[in-house]
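Engineer: Spelled out, the chains give:
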Amino acid sequence: MNSRTTRTITAAFSVAALAGALAGCGAKAGESADAAESCVETDGDTVKIGFLNSLSGTMAISETTVFKSLSMAAEEINADGGVLGKQLEIVSEDGQSEPTVFAEKATKLIDQDCVAAVFGGWTSSSRKAMLPVFEGKDALLFYPVQYEGLEASENIFYTGATTNQQIIPALDYLKDEKGIESIFLVGSDYVFPRTANAIIQAYAEEHGIEVLGEEYQPLGSTSFGTVVDKVKAAGADAVFNTLNGDSNVAFFKEYKGKGLTAESMPVVSVSIAEEEVPGVGVDNLVGQYTAWNYYQTLETPVNEEFVAAFKEANGAKAVTSDPMEAAYTSLHLWKGMVEKADSFDVDDVVAAADGVTFEAPEGTVTVNGENHHIAKTALIGQIREDGLIETVWSSDGPIEPDPFLEGYAWWEGE
Amino acid sequence: MEVFVSQVFTGLSAGAVLLLIAVGLTLTFGQMGVINMAHGEFLMAGAYTAYVVNLVVGDAGLGLLVALPVGFLVGGLLGVVLEASVIRWMYHRPLDTLLVTYGVGLVLQQVARDVFGAPAKDVPSPSWLSGSVPVLGYDFPMARLFLLLLSVACLLAVLALLRRTALGRQVRATVENRDLAETVGISTRRTDRITFFLGSGLAGIAGVALTLLGSTGPTIGASYIVEAFLVVVVGGIGQLKGTVIAAFSIGVLQAFLEYATSGSIAKVVVFLAIVVFLQVRPQGIFAVRTRSLA
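Protein sequences, first through last, are from chains A and B. Positions 188 to 601 (the numbering used here) are the ones given, in order, by the first sequence. Positions 30 to 323 (the numbering used here) are the ones given, in order, by the second sequence.
Bound-form chain B, shown alone (with noise of 0.2 Å):
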């Protein structure tokens, strides 16, 4: 009962580790079929930002609560750089997009590493996020604790932005027909922009909440990307609650397998689960239904 309480807690903080990431994701791929690998470099800005800001605020609790936002617009300008500069050239060819956006990538870690130099940084945690907090007799800690909340909070933000605003009826119309969204007079190059200032900026507070686990360094992005992805694929291109279900399965399946057998092997085994089930359901837990007619 106690590994089962513990793996099912450390499998959530997994989980909501992976849907912090690919939420802002699942926003850019789904909406425009974009498949920006530069994402994991906007999460190492935004890590990088939650490092200067601490070092500015010079308090570590403070630090980190300016970081979230500051490290919101950080992300969310680079993408929008990104957007202008070379994706929207790019549109309706996802494989140059890819390309393109991965030698991004590259760029900006080397950026990373002549201003920060190639040694980790540690962005010290709040005295109030360490140590843990007792739930059913297992220690979670509060970093992790925090990130999960994080984590929830983006999403449900995300969420309402969609379900109750202007801004999110047009992205919602532009995912489904992007031609009839014109016609009715919705700007899709001003949508296109705006969601990907959210995806990226997104990447940002992953980034800032991930000081709290690991260490800072120019690839920090580029080792969370590929699962961010699978998250993605797994849950449906372009479905926030599809997003949801398969961050947390894979992380709790990871868990769970982990405690079982090594951490390799578990990797393994969820890799081939993906696999798996993507030949049963290529379209993912949840498919988008279009109404456009290509």
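This is chain A alone, in the form it adopts within the complex (with noise of 0.2 Å):
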């Protein structure tokens, strides 16, 4: 054996070693953090809260500017005197647009960071990722975005709308308002879109308005040409477009090419807020419907003040929009509930979480305890000139969140 090969068999094992007793000591300090209660330090001046947003890979379009209400919200909070007279201090970290980062990046949060609350996540199935880490480890996370329903974690608070405080009030505004009797649903085929179209078929059902197609493109794709000729070919009275991303950009581009427009077949979206315009081009939306929960042209004194904050901090180009603001809103419930509990442990910002209120952008918004979501006023919105959304229809006052929508007797589940 020369000495070549011995010096490279002892490095092997000295990496294998070494490999060895790093990987030891992972599980030691697993196991400590299981076993103790909660490591989150609350003696000092400050306390530690984590934001989980992916600022790369394919959402991090959205995700980035959810980063930047939070942080607005944080400095505010901060400015003002702090939670419980302690500074907010702030750990981020990358979701990276995929959700076993986000699983990975939330346990790290808790465990090694031990932050009293997390912040973040935009995809449903990074909130699936994530879900059974803070169920696991008994941490808390608020979700800022409009989602499918049908969840109701006792770790999670959900500040963005349900399906019956945003899909549901869309559906009685085209058949109320609008008057339709046929419908087009087009999506992209993931578990958002498929719930809610799930949901719309029985709402269709059970209030006459014909379903004339349902289509699926994959996430991310921009081959619109076959489902825009179906659609046109269908010719229903309205779309209902539960597209994510980059498509809605194709889908338009060809919908317009086509010669379709709001007047002949108008489009409700319900994932196209003002932050998404642009890229998709003014053009290709005026007219169009959204049903959001939150507009920037919203002309209430807390939303002129936050549009203001926001444009100062991040130029006056910038936009604000519904899971922004659903974002920079949980924060502040967060804190509502805090000092509710006077406390930061987790059980006891639970229990003290139904009926924390607090001033949003978007209004009164009022947590519910028993499933954890916030009511809501739904918007139905429809696309300016200037790239901004004028809302057109509001439902009467705050709506009750109703994840698995107890309350409508037409849907018996999925």
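With a straight-line Cα cutoff of 20 Å, these simulated DMTMM-like cross-link-like pairs (lysine to aspartate or glutamate) come out:
| hint | chain 1 | residue 1 | chain 2 | residue 2 |
| --- | --- | --- | --- | --- |
| 1 | A | K417 | B | E31 |
| 2 | A | K365 | A | D424 |
| 3 | A | K504 | B | D143 |
| 4 | A | K419 | B | E31 |
| 5 | B | K296 | A | D376 |
| 6 | A | K527 | A | E557 |
| 7 | A | K419 | B | D168 |
| 8 | A | K417 | B | D168 |
| 9 | A | K255 | B | D143 |
If you are wondering where the hints come from, they were derived from the structure by calculation, not from laboratory data.
Assembling the complex is the task here: the two chains are given apart, and the hints tell you how they should meet.
Structural biologist: Written as structure tokens, this is what we have:
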């Protein structure tokens, strides 16, 4: 055996030994974290919270803005004296648009950084990946995006709309105000559009609306030639659009290219907000409808302040949108819960959650302690020439969240 | 009949998009055996070029016409830089080039995200390309018609270059037998570099053209690259006529399947059909008759 081989073998063994030792450490650290109730440090002048958003990858488009509004909320709270007299210290992690990374980083934020609560997530798959982590470690997640409902975890607060605060009001609007008798469904092929369309099908059957087609394209697909051909051939009174991300651009360009307009066949979208409009192209969208719970154009004093502050922090061209507003609101709601509980402890915060309210830019929102969603007002908007969205219809005050649609007899589950 | 016509046109225009991307890929993949995963990012660079040119020029129509040659140059120069800095060190190591160019692609995506921001940009379409023209009772969107013509024009230009010019003869000689080409005095290094410039430049043109159909974002190229490679492999590596047939057949097949079923199913069936086809004809529709001894 020559000396070089010996050295290589020795080196290999040392690496293996070192790896073993490190793995041992990891296991020990993990055990102690599980054994301890929680490692959240609340004795000092600061308390740590975690922001978990995709700052890279395909979802960065949307989630970066959520991160910005969360940061703004934290700065405001800190300038205002913090939470229970403690300044917020932000630990930010990049979810990289990968559900597994979200789960991994959530574990890191809870076990290593010992944050009191985590704010973030966007796609339903990222939320579903994080859910077991937060439940297993009894930690708190605030999730700021409208989603498909049918979920209510003890450890998650949902500050975006559930289906009865967005999709069902949009259908009510189409039925009562627009008088539609038929509809065409177009969506990306994943959990949110599939569930949303199952609900729309049930609604349509109950209310005598004919569904003339239901089309899906893979997430991120940009070929909509055939889909738009089918939509045009079917000639429905309206289109319900649950496409996500870049697919919207290709869809609306094709839609306009084939001579369809907001007048001839209006499209209601549930994933296009102010932030996405310039990317799709205002020309392709003018006059089309959206369903959300917040628009930048809302004329309330709280919102005007919010918009002005956001523009000051991010430039005059920055726009505000529903998910950003829901994220901003989520941090303030957590503050309200902690102060009501007079404790950062997860169980105390959850126990105090019911009835916590906040004067949000979208209006007054109230936490429902039972299902962890919040009461929100549904707003149907129409896209204007300047790319902003104007409210054309709103529900009578905030709608109580009903994630499992228990109050709707026509819904019998999936 | 109406459905038939509409799906033939939809399929042809989808095929034209694939062709536009695949022509450049056929050149680089075919001649140099380099699997360039960053081809999609050259396309992205072309799309952002269209965005920037549009901002500078301020007129959508003129912007598009200026952006086409500028996009060609931007894509081509990126290609030359990549070839000179990375790829030339790893000819004959196709797997390494695949990994390295994939990495380069990721870097370029992040650069785009840092420079232009994460949200997708919209490049306004010229007014003469909005709307549609009726063809056989079908409303053919002008933008797609333009794309079809552009793609055929690029193809003809490349064909003319390969068949009629000295450079083209050198390229073909290098493809068929690199060693013999060198012995008759052709600088294969120079030929490689020029081919890479042309192939990458075509990706830049494709990027400019794609702004008419979709959004301009950092991942625009990544979403087309796999399908473009499939077209090249099905067509037969290094074979332009094979690429043409493959691009249009895949486009039309996909369009009809999609009409009959759904987008996701159509994709699966097309992929399956390609797998089966390659089992029967691993060399693709046309095979290169190389005269090399290796």
